[in-house]
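**Student:** What follows is the residue order along each chain.
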Amino acid sequence: MTGSSKELLAVEGVTKAYPGVVANSDVSFSIAEGEVHALLGENGAGKSTLVKMIYGLVKPDSGQMRFRGQPYHPTEPKAARASGVAMVFQHFSLFEALSVAENVALGMENPPPMRELAGRIKSVSEAYGLPLDPGRMVGDLSAGERQRVEIIRCLLQNPKLLIMDEPTSVLTPQEVDILFTTLRKLASEGTAILYISHKLEEIRALCNEATILRRGKVVATCTPRDRSAREMAELMVGATLTPPARAALPRGDTALEVTGLSVNSPIPFGMSLKDVNFRVARGEVLGIAGVAGNGQDELLLALSGELRTDPGAVKIDGKPMGATGPNARRAAGLVAAPEERLGHAAAPDMSLVENALLSGVVRKALVKNGFIDWAATGRFAAEIVKDFDVRTPGTHVAARALSGGNLQKFVVGRELSQSPAVIVINQPTWGVDAAAAASIRQAILDRAAEGAAVVVISQDLDELLEIADNFAALNTGRLTKPRPVEGLTIDEIGLMMGGAHGMEVAHVGH
Amino acid sequence: MDLGGINPAILIASLMVASVPIILAALGELVVEKAGVLNLGVEGMMIMGAICGFATAVATGNPYLGFLGGALGAACLSLVFAVLTQFFLANQVATGLALTLFGLGLSSLIGQSYVGIKPPLTGTVPLGPLADIPFFGPVLFDHDWMVYLSIFACGAVWAVLKYTRMGLVLRAVGESHDAAHALGYKVVRIRVLAILFGGALAGLGGAYISLIRVPQWTDGITAGAGWIALAIVVFASWKPWRILLGAYLFGGITVLQLNLQAAGARIPVEYLSMSPYLITILVLVIMSSGKGKAALNAPASLGQNFHASR
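The listed protein sequences derive, respectively, from chains A and X. Per the numbering used here, the first sequence starts with residue 1, numbered consecutively. Per the numbering used here, the second sequence starts with residue 1, numbered consecutively.
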């Protein structure tokens, strides 16, 4: 597979502690030239800290690294880049108001003059099947195109080791295929790739070796091809996983009906919704997929009532509710959980009790004669904490103090505990560990079984395929016609999400 | 050619002089804001430059050393801002306002013994026969060297921001400090240097007021020029050449209002003195309306503090 087994990078006994948490404890692994090596683990397992140490952004407390046989201790990214290490970030490394060429130049040590650089960007990007126009503003590019900018920035430095942090989270399946072709080509040229992801099927398709981290420690190494995704997931979590159980349910009446919903986005660089139509019956789960930024946030706002539309565009139980606000819709039975936890779903500096009140006040009748019933509110909050296994010292702590996964359990639990008729959730398990994600999905399915109509918007296709009855995709603000999940292939889903957005398969040579 | 007692050649010539302090201070602030820092202390730094420049010039008898002293004095004051906002992560708006108040007070304290003194004179640049050309002579070729320097500085800032790596890194830091940090750029160091540069230019502008434009020392001599400079940065939508345009426009209004008063015009001067700020408010309204923001190319991290751990 790898052709040569010459060791490129060896990490030995690396430890890094932050106040209160050990991010990496005695981590060792090695990568050979031309090897595609996966780094697996849940959120908070220490993957990011580890690669930041390899890229010189974080200094290890103890331990050794060797790069091509030499001791390797990069003190800053510049030093790492000079040794031949390049990194494609998950977030935070592009400048929206700068052009593609300027963005590329910022990631290079000694960039050639702009005109020459533009030419090289063009030729390299075409050689690898990732066409890019160097003069365009990054803010105007799609998520997939932005990622190409990052990859090209790395490729122009002829890296020996390419680190990729969750590169496929923003891509359609077709785009993923093209990316993998490019990566395999790079590997065949001798570049080692360190690939971070928690999409296990992708890792089985791409990687030669895998190192699995749990709570900062290496718990296993394996050859992904020889293991099933299920086995690797259990190694990551350290427990046996039970997939959510779903009973075949009789469908009830239509609870949520959206007709001809068009609305302008209130978000800068946002995506307006264009003629969205769908209906969800009681007991049905509709999954809505799409690459980030294709109208998911706007759809949630329009359904929750934060964006108002024509009265007839949104009907709850047949009543036109499009022109009413969130509280009227809650009263009618629709609850919504947005994607952004801090600042949208929860007020960061308010306690869990207060946050429970904010959304539960209408359906749980927590206000009597204009006065807050704190006793009932406290019981409601405690109930959510108990039912959804929210790990917190108590309901008096500020929402900000909870970890992302725990807060997610709380805000989703808060909506699901209001005996809703219609549930709208955007990214229900974003940043939540696998065990908690499974319990959230199970809770959603339970509500559906009790007769709620559910709309789940998510970028995680596996999640949608697991819990949804019907499937639709948002692409540039338009929603495809919902189709039953049964019998859908990944290819069809990819096409619904917009296909490969003008990418092409890598050509030979450069 | 007279327009109600106003001679256009003299009007243009005097508006070029009137706008020099604003151009310099606004250019400095532009660089600071391009690096993502909002320093509202321009007025305070200018007046520190005015008194430090004045004192240095009087003490040494050399106006050129005076300008240097002004730049250094204001840069020292901006260092206070830099330390508070970049290392202690103080709120930039509050710190900037405090800097202005502090600068006004400190300058008045230092300046007590300088009231009523004449500073050494700064001569005009000898451009020989060019100055004798009718109309264009007095308008373009009969100024002190700071007028030319301010125009040159516009070109220099523009070229550095657009064509050099230093400029690109500066813009990158102002655009997204997280991304710049991830790529290994020293966000805090770059911002501190930008703040010092902005302070020095504001100081130069202040020294120009006390050494050439007025020239003498009185309390509160800058009279709001720093606020106009801040407004012009927004008005110019962070583009150096538009700073020149904006400063001549606003400087022109200042001069015009004096001339109109002298000529006994019917327009109340208050309207004219209000107008720069009205225009700025309009620009801000347009800017805050969704897509206008990107079109006006405000640095995306403007006013946000950066800490490496986040």
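The set of hints was computed from the structure by calculation and includes no laboratory data. Note that CB positions come from ideal geometry on N, CA and C, so glycine has one too. You may find that some hints are simply not true.
A few chain X residues that don't get close to chain A, going by computed Cβ distances all over 10 Å [unchecked claim]:
1. Ile10
2. Val115
3. Val188
4. Trp227
5. Leu245
Far from chain A, by Cβ distances over 10 Å, these chain X residues were calculated [stated by the list, open to error]:
6. Gly123
7. Gly220
8. Ala262
Cβ pair distances, simulated, as ranges [unchecked claim]:
9. Arg379/A to Asn91/X: 57 to 67 Å
10. Gly135/A to Gly116/X: 16 to 26 Å
11. Tyr277/X to Asp310/A: 33 to 43 Å
12. Trp145/X to Ala127/A: 52 to 62 Å
13. His307/X to Lys78/A: 18 to 28 Å
14. Ser275/X to Thr254/A: 53 to 63 Å
15. Arg225/A to Asn91/X: 34 to 44 Å
16. Trp145/X to Ser62/A: 53 to 63 Å
17. Leu89/X to Ala205/A: 20 to 30 Å
18. Gly270/A to Asn297/X: 12 to 22 Å
**Student:** Now tell me if each hint is right for this structure.
**Tutor:** Hints, one by one, checked against the model:
no., hint, verdict
1, Ile10, "42 Å, holds"
2, Val115, "48 Å, holds"
3, Val188, "14 Å, holds"
4, Trp227, "26 Å, holds"
5, Leu245, "22 Å, holds"
6, Gly123, "42 Å, holds"
7, Gly220, "38 Å, holds"
8, Ala262, "46 Å, holds"
9, Arg379/A to Asn91/X: 57 to 67 Å, "39 Å, violated"
10, Gly135/A to Gly116/X: 16 to 26 Å, "59 Å, violated"
11, Tyr277/X to Asp310/A: 33 to 43 Å, "41 Å, holds"
12, Trp145/X to Ala127/A: 52 to 62 Å, "54 Å, holds"
13, His307/X to Lys78/A: 18 to 28 Å, "21 Å, holds"
14, Ser275/X to Thr254/A: 53 to 63 Å, "60 Å, holds"
15, Arg225/A to Asn91/X: 34 to 44 Å, "54 Å, violated"
16, Trp145/X to Ser62/A: 53 to 63 Å, "60 Å, holds"
17, Leu89/X to Ala205/A: 20 to 30 Å, "45 Å, violated"
18, Gly270/A to Asn297/X: 12 to 22 Å, "19 Å, holds"
Of the hints listed earlier, those the structure fails to meet are numbers 9, 10, 15, 17, in rising order.
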